[in-house]
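Residue numbers (the working numbering), protein chains in the order written: chain A, 61 to 585; chain B, 1345 to 1580.
Just to be clear, a hint being listed does not mean it is correct.
Unchecked claim - Listed below are the simulated EDC-like cross-link pairs for lysine to aspartate or glutamate, each with C-alpha atoms no more than 20 Å apart in a straight line:
id	chain 1	residue 1	chain 2	residue 2
1	B	K1416	A	D572
2	A	K498	A	D544
3	A	K498	A	E398
4	B	K1416	B	D1352
5	A	K498	B	E1362
No lab work stands behind these hints, which were simulated from the structure alone.
The residues making up each chain are set out below.
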Amino acid sequence: MPTALSSTDDGIDHGPTPGDRRPGYVAAARRALGDVAILFWFRRQGVRRRHLARVVSLVFLAITLSAAIVPAFLPGARGAGRAFDILLLVPSGMAGILLLNMASAIASGGGRELISRDQASPYPISPTTDHLGALLLAPLNIAWMIQAWILLGSVAYVAPLDKLALAQVIVVLWLVFSTACGQVVAWAMEAIRRGPRGIAITRFLLVALGLGAGAVQLAGRTGPLLDRVPTVWFVVGALSGLTWRWALTAAVLVVGSVVAIAMGAVPAHLAARRMPRDEQRMETDQHEPRPMPRSVLGILIRTDRASVWRSVPMRRGVLVLAVGPGLVALFGNLQWSEMTILPGLVASGGALLFGVNAWCLDGRGALWRENLPTSPTVLFDARTVVLAEFLGVASMITVLVGALRAGIPTSYELAALVATLVVVTLQVVGGSLRWSLKHPYPVDLRSARATPAPPAAMVGYSARLATSTTFTGLLFSGSAHVPDWRLSLIIAIPCLMWSATRLVRTRHRWQDPVVRARVVSTVAA
Amino acid sequence: MSQPPVVDVRSLHVRFGEVEAVAGIDLEAYAGQATALLGRNGAGKSTTMRVLAGVVPPTAGTVTIAGLDIRKDTLAIKQLTGYCPDVGGLVPRATPWEHLQLSARLRRLDGWEERGRDLLERFELGDVMNRVTGGFSHGMGRRLSVVLAAMHQPQVLLLDEPFDGVDPIGVEATFEIIADARARGATILLSTHLRDLAVQACGTALVLRGGSRVAAVDAGEMSGEEGARAYRALLD
């Protein structure tokens, strides 16, 4: 330790030395954790309706606690019938959560951003911070929450009452562990995708994975494979009560989670050093001029379509949404009457790619577009058509893929499915455009990780979409069992009228120049 | 002036909730003239331009363009104006040519392609006319915004910060656009922080402060060291 000034020491603090500027791993990790806390606080400050956010948080907490406790007191809990069947499915469910966490994080290019790339650029935010932020935001997603609730509920239904609390601790640790593992895989895939021939390698891996899963299913090996998933070990540990076996299970998950969280930083750094190829390609591609469309609506639709299909998060997202559930339906041998649940799932997911903030498609061009001499209703109609076709096409692909092994539908099954598709699309389009008008956000959808609204708002939107579309899906699933195709039609008519009325009301509100000015000024900010 | 003003703004107020962005601006601009709107950040320049472009409705006051009321004849006014917004102004995933096509179709222009290509070449954007604008630099985006505002040879040209981050060639090309517009009798309103460029491009300068107009002077009075001092005094 120096005790006096050296000949080169002038007593003035010249800032950190190069050594200080390159801290060790532990110091860097500690700093990243601190940065995550700062960024999280910054994002919290931006929440507009604090009271509502608090209420929603309490509701979600109540649902989580209910899912973890209430099933334990339901009839049949811990019995030999349904409870035993559910117990057999818990290990597969845990493995499924791991796979879905991976798929979700891969699709979003490494998970969501605590702060967008452009906003983060002036600050010294490390890829580790980015990785930890994505991890923190992962549960703020209705799909993640529903999986968690189902798993908590299943374990509550099967676990002995005196061992329930400890079992749920293991479930929570599994959720943390699987989310962290999903993040590691997603960053690794992102690093590969951004590397030499990355896009081709990624596509090859995904196709190989899909074909492999298909081969296993077609060979009838899915059941035996699921019986051997290593998650059985964790379920046994979870249900062991306060024993060494439980402690060992918990310790493995804690250590595994810490290791996975730390390991995720490595591919995150690697990915950060490489250019995002998809986005770069999208921004430098040449698009040869096409002939002018004949109508005003035609050119507006064309412009909006380009905004959708030239965006990386939308292309990637819709591919996963359209093909993923379709493959699950295909391999799971879903019947026609059960397929009515798919359009709602896909349409809701599609709306969360841009629909819930539909005017953000124009970005800063919204101001210029608003100066163009055309009726606001034509602009609204164009956006409605493009959103509807985006959701409709994705849903149809899902249904077509899922239907490959479902045989020939009866007239009433087909009517129920078509009615679901039309009703759900209109329902989601109406809701999305209503929210887009009410709560616009300035969002740049360049990055594969971008979302059209802040995380808390996205949770609210996804919960509302999931509730309404699941209800519709179940309604038509019921009508698909009634051997008269006219029933689905009769149910569809009032649903369509209700959604259409709300859509027309939103269209009418869009014509108000004050409302439009607020939306345009916000999305262009 | 013997002729009536093309742009006539009387006691314009614009409020966004609690914030009064424009607090009683009066403004007159005439055919064949370029008028500069000068002032500090938050002076109300861009909001005034947005009102004139029909993007933001006025809260109070009257705004007429070529005798048309901005509240009643918004669509007709949009037909008359060409607007380069202060931020971006470009649809991120459309190409420059697609922007021109959209503008031309909505304005019912015929035979615009040659002028469109010429303008893109003059602003050195010919090479990137088929690339999406999301990957453009700030200066490229600004230059394209000027092209889009000027392409249909509007009766009123509204340029909000057109020189921001633009290289000298882009600045020259913008000067030419303004000169061409003046020559054909258009009215130009130019909002900028760059006093020297405003003085070169415009005949009249309006200085805004805190949402109100504090001076309307001959642009020549704002030039040189003396002009800088006068301008500074108006801002404080």
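Subject >> Non-conforming hints, listed in increasing numerical order >> reply: 2, 3
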